[in-house]
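When the sequence shown is numbered by this note's numbering, its final residue is 136 and no position is left out of the sequence of numbers.
Derived from the structure by calculation, the hints contain no laboratory data.
A quick note: this is a predicted structure, and the numbers were derived from the prediction, not measured.
Virtual Cβ for every residue (Gly too), placed ideally from N, Cα, C.
Treat the hints loosely; a few may be bogus.
Cβ-Cβ distance ranges computed for the label pairs, FRET-style [said to hold, decoys possible]:
(1) 98 - 127: 35 to 41 Å
(2) 110 - 130: 39 to 45 Å
(3) 122 - 100: 30 to 36 Å
(4) 108 - 133: 39 to 45 Å
(5) 132 - 100: 36 to 42 Å
(6) 101 - 124: 43 to 49 Å
(7) 99 - 135: 40 to 46 Å
(8) 130 - 97: 25 to 31 Å
(9) 102 - 127: 30 to 36 Å
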Amino acid sequence: MRPRRPSTDTCAVAAVAFAAVLYKVVRSPAVSSALSSIVQSALHAV
């Protein structure tokens with residue numbers, strides 16, 4: 091087995107941090123309301 095490169099670990103940590111921030115943003119009341127509104131509009135348009 092080849093040893094892992096440090097850049098791979100850095101990318102993984104950055105990806106997890108980005109996912110955590112994105113989760114917090116999407117779960118915020120303002121964004122949640124906006125997404126719900128968009129989905130409702132899309133469902134009623136069909």
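Comparing the hints with the structure gives:
1. 98 - 127: 35 to 41 Å: holds, 40 Å
2. 110 - 130: 39 to 45 Å: At roughly 28 Å between Cβ atoms, residue 130 and residue 110 fall outside 39 to 45 Å, so the hint is violated.
3. 122 - 100: 30 to 36 Å: Since residue 122 and residue 100 have Cβ atoms about 31 Å apart, the given range 30 to 36 Å holds.
4. 108 - 133: 39 to 45 Å: violated, 29 Å
5. 132 - 100: 36 to 42 Å: Given about 38 Å between the Cβ atoms, the range holds.
6. 101 - 124: 43 to 49 Å: For residue 101 and residue 124 the Cβ distance comes to about 30 Å; the hint is violated.
7. 99 - 135: 40 to 46 Å: holds, 45 Å
8. 130 - 97: 25 to 31 Å: violated, 43 Å
9. 102 - 127: 30 to 36 Å: Distance hint for residue 102, residue 127 holds at roughly 35 Å.
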